[in-house]
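2 protein chains.
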Amino acid sequence: MHLKEIGEFGLIRRFQKQIKTDVSVLRGSGDDCAVLHLNKSMYQLFTCDMIIEGVDFKKADNLEAVGRKALAISISDIAACGGLPRHAVVSLGLPKNMQVNQADFLAKGIFGLARKYKINIVGGDISASSKLIIDVSMLGEVEKHKLCLRRGAKTGDIIMVTGSFGGSIKGKHLEFTPRLKEARFLVDNFKINSMIDVSDGLIQDLGHILEQSSAGAVLFESLIPLSKEAGGVDEALCSGEEFELLFTASRDQASKIIRCSKYGFRLIGEIMPVSFGLRSINHKNKYSRLKLKGFKHF
Amino acid sequence: MHLKEIGEFGLIRRFQKQIKTDVSVLRGSGDDCAVLHLNKSMYQLFTCDMIIEGVDFKKADNLEAVGRKALAISISDIAACGGLPRHAVVSLGLPKNMQVNQADFLAKGIFGLARKYKINIVGGDISASSKLIIDVSMLGEVEKHKLCLRRGAKTGDIIMVTGSFGGSIKGKHLEFTPRLKEARFLVDNFKINSMIDVSDGLIQDLGHILEQSSAGAVLFESLIPLSKEAGGVDEALCSGEEFELLFTASRDQASKIIRCSKYGFRLIGEIMPVSFGLRSINHKNKYSRLKLKGFKHF
Chain A
12 MHLKEIGEFG LIRRFQKQIK TDVSVLRGSG DDCAVLHLNK SMYQLFTCDM IIEGVDFKKA
72 DNLEAVGRKA LAISISDIAA CGGLPRHAVV SLGLPKNMQV NQADFLAKGI FGLARKYKIN
132 IVGGDISASS KLIIDVSMLG EVEKHKLCLR RGAKTGDIIM VTGSFGGSIK GKHLEFTPRL
192 KEARFLVDNF KINSMIDVSD GLIQDLGHIL EQSSAGAVLF ESLIPLSKEA GGVDEALCSG
252 EEFELLFTAS RDQASKIIRC SKYGFRLIGE IMPVSFGLRS INHKNKYSRL KLKGFKHF
Chain L
12 MHLKEIGEFG LIRRFQKQIK TDVSVLRGSG DDCAVLHLNK SMYQLFTCDM IIEGVDFKKA
72 DNLEAVGRKA LAISISDIAA CGGLPRHAVV SLGLPKNMQV NQADFLAKGI FGLARKYKIN
132 IVGGDISASS KLIIDVSMLG EVEKHKLCLR RGAKTGDIIM VTGSFGGSIK GKHLEFTPRL
192 KEARFLVDNF KINSMIDVSD GLIQDLGHIL EQSSAGAVLF ESLIPLSKEA GGVDEALCSG
252 EEFELLFTAS RDQASKIIRC SKYGFRLIGE IMPVSFGLRS INHKNKYSRL KLKGFKHF
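Heads up: the sequence lines are chains A and L, in that order.
So in the working numbering the end of the first sequence lands on 309, straight run, no missing numbers.
So in the working numbering the end of the second sequence lands on 309, straight run, no missing numbers.
Hints in this document: simulated from the structure, not taken from any laboratory.
Note that CB positions come from ideal geometry on N, CA and C, so glycine has one too.
Incorrect hints may appear among the rest.
[What the hints assert, rightly or not] Straight-line alpha carbon distances no greater than 25 Å define the calculated SDA-like cross-link-like pairs of lysine to any residue that follow:
no.: 1; chain 1: A; residue 1: Lys181; chain 2: A; residue 2: Asn296
no.: 2; chain 1: L; residue 1: Lys192; chain 2: L; residue 2: Leu234
no.: 3; chain 1: A; residue 1: Lys119; chain 2: L; residue 2: Met53
no.: 4; chain 1: A; residue 1: Lys15; chain 2: A; residue 2: Glu246
no.: 5; chain 1: A; residue 1: Lys70; chain 2: L; residue 2: Glu19
no.: 6; chain 1: L; residue 1: Lys127; chain 2: A; residue 2: Val34
no.: 7; chain 1: A; residue 1: Lys119; chain 2: L; residue 2: Leu234
[Claimed, not checked] Covered, in the sense of this in silico footprint (three residues per stretch, anywhere, with C-beta under 8 Å from a C-beta of chain A), are these stretches of chain L:
no.: 8; segment: 52 to 60
no.: 9; segment: 132 to 142
no.: 10; segment: 260 to 266
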């Protein structure tokens with residue numbers, strides 16, 4: 012049986028069944044970050060993301076942007092948990108025929124973004140590789156009462172997002188700004204019940220929230236903010252690597268959040284009982300069931 | 012200019028120059044682990060190691076052993092700093108045509124060793140890749156007074172090792188036992204001035220200690236413990252991925268350490284002033300200067 016037959020998420024579940032963690036781990040595999048006990052008031056966040064030439068970026072892509080992306084993905088994960096990034100280690104697989112100035116561009120992207128977000132690059136590993144590989148592991152911190160996980164969405168919660176969706180592949184996937192300011196603004200000022208960053212696609216990542224919250228949802232298609240590059244609402248709902256925040260809060264909190272003009276948070280749906288499943292309403296007020304489609308590696 | 016021209020260590024130095032870290036980092040890039048402030052009595056250790064098919068293991072190798080190796084390398088790094096491993100995240104690049112039972116073998120190696128060493132696997136990332144890639148990032152903890160770094164070797168220190176050296180490529184590199192028990196025994200009972208695990212080769216890794224301690228050394232060739240697989244002392248001095256501990260302590264401490272029959276620690280040399288450089292003495296009592304040769308990716 013090939014990996015394709017059980018799929019990326021089937022494989023992850025197969026691995027997760029074998030994992031046992033001790034009491035120092037509040038949340039292990041299955042969220043944007045692992046959550047570890049740090050001290051009385053703080054949790055430590057721990058995440059890793061690997062990007063590979065030919066899969067997550069093209070050989071011809073600007074290497075400064077590629078280095079930036081490698082770090083930005085992990086920052087986005089820390090943000091989605093409501094935390095602040097602190098330290099990172101970087102493993103590089105570099106082709107033997109790489110030019111030193113290409114490696115310099117890559118480093119410029121990584122170190123430049125690290126400086127901007129005050130992240131300490133504290134170590135790494137360099138290996139020869141036929142294709143360029145960058146794997147970043149990042150540590151962050153979050154005040155205990157500000158932690159956001161995928162689970163926690165409640166029936167009646169309003170579903171909101173940052174930014175706009177669709178056509179990320181045309182450039183945004185390499186040049187996005189991780190929504191750290193927005194996430195911190197949210198957790199500093201409101202009670203957020205669940206949050207995730209959109210890496211696999213809006214529907215699929217909403218699916219992660221619903222699965223872990225044992226909930227259903229309805230999405231209002233006409234309210235999905237479309238980017239200029241979007242190829243329509245269907246594409247926007249499945250577009251991976253948008254790296255926007257998708258989050259839920261009570262109706263009361265949501266009405267206050269939507270009124271904050273500063274960051275342009277947008278309402279796109281509502282959490283429903285699990286029996287409702289996941290449906291969308293189009294501009295003709297017609298319901299349809301949504302399939303959990305989006306990016307999968309296998 | 013190609014990477015080969017500046018070499019792996021040239022590239023690392025080039026990157027390190029661009030790094031600035033804040034006061035929460037006691038030791039960043041350049042040791043077996045990064046060392047972060049954790050609380051009053053403990054430091055946190057953070058390390059990453061990537062292994063790639065065709066570079067660090069062969070396509071035909073037993074995948075359970077490969078998974079084991081991926082985790083064991085990082086355990087060895089934590090041990091070399093005197094600490095205990097606690098948590099790890101694992102990034103996997105998996106070929107699309109991989110069989111599910113092959114992925115199961117890989118997982119068995121990773122999760123089995125994690126259970127043995129009581130390490131929590133708290134997250135990961137899975138990506139499609141043409142070659143199998145495993146990158147492990149690990150967190151550990153060490154009591155502040157037990158921390159061992161590469162720097163700290165002093166003139167007159169005795170240089171010691173665990174185990175035996177040479178021919179690791181014939182099997183040990185896949186099946187080694189990380190020297191965690193030995194390292195903890197050392198830091199629990201003695202004052203260790205410097206320590207490293209031998210991944211690049213005995214001479215080259217001793218070179219790292221000497222460089223960071225501003226010291227020289229003499230090695231007694233006839234005292235180097237050779238493994239059955241060793242192709243002579245010259246090979247043993249350069250053989251990478253031996254994953255034995257190389258450490259130094261004062262003469263007084265060393266005499267007590269050598270007398271511990273439990274772990275078979277062996278004396279192989281002495282730390283000298285930096286002006287002495289790095290030399291060996293062969294069985295005819297003849298000195299010769301040693302070049303820092305060992306495994307380099309570029």
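Hint check:
This hinted pair does not check out: Lys181 of chain A and Asn296 of chain A have alpha carbons roughly 31 Å apart, beyond 25 Å. Distance check on the hinted pair: Lys192 of chain L and Leu234 of chain L sit about 23 Å apart at the alpha-carbon level, within 25 Å; holds. A C-alpha spacing of about 33 Å is found between Lys119 of chain A and Met53 of chain L, which places the hinted pair above 25 Å, so the restraint is violated. For a cut-off of 25 Å, the pair hint linking Lys15 of chain A to Glu246 of chain A stands: about 23 Å separates their Cα positions.
A C-alpha spacing of about 22 Å is found between Lys70 of chain A and Glu19 of chain L, which places the hinted pair at or below 25 Å, so the restraint holds. Annotation: proposed proximity of Lys127 of chain L to Val34 of chain A holds, straight-line Cα distance about 17 Å (limit 25 Å). Proposed proximity of Lys119 of chain A and Leu234 of chain L is contradicted: the alpha carbons are some 46 Å apart, above 25 Å. Counting residues of the segment 52 to 60 of chain L whose beta carbon lies closer than 8 Å to any beta carbon of chain A gives 4, which meets the minimum of three for the stated coverage.
With a threshold of 8 Å between beta carbons, the proposed coverage of the segment 132 to 142 of chain L by chain A holds, since 11 of its residues qualify and at least three are required. Taking a C-beta to C-beta cut-off of 8 Å, the segment 260 to 266 of chain L contributes 0 residues in contact with chain A, too few for the three needed, and the coverage statement is violated.
Comparing the model with each numbered hint stated earlier shows that hints 1, 3, 7, 10 do not hold.
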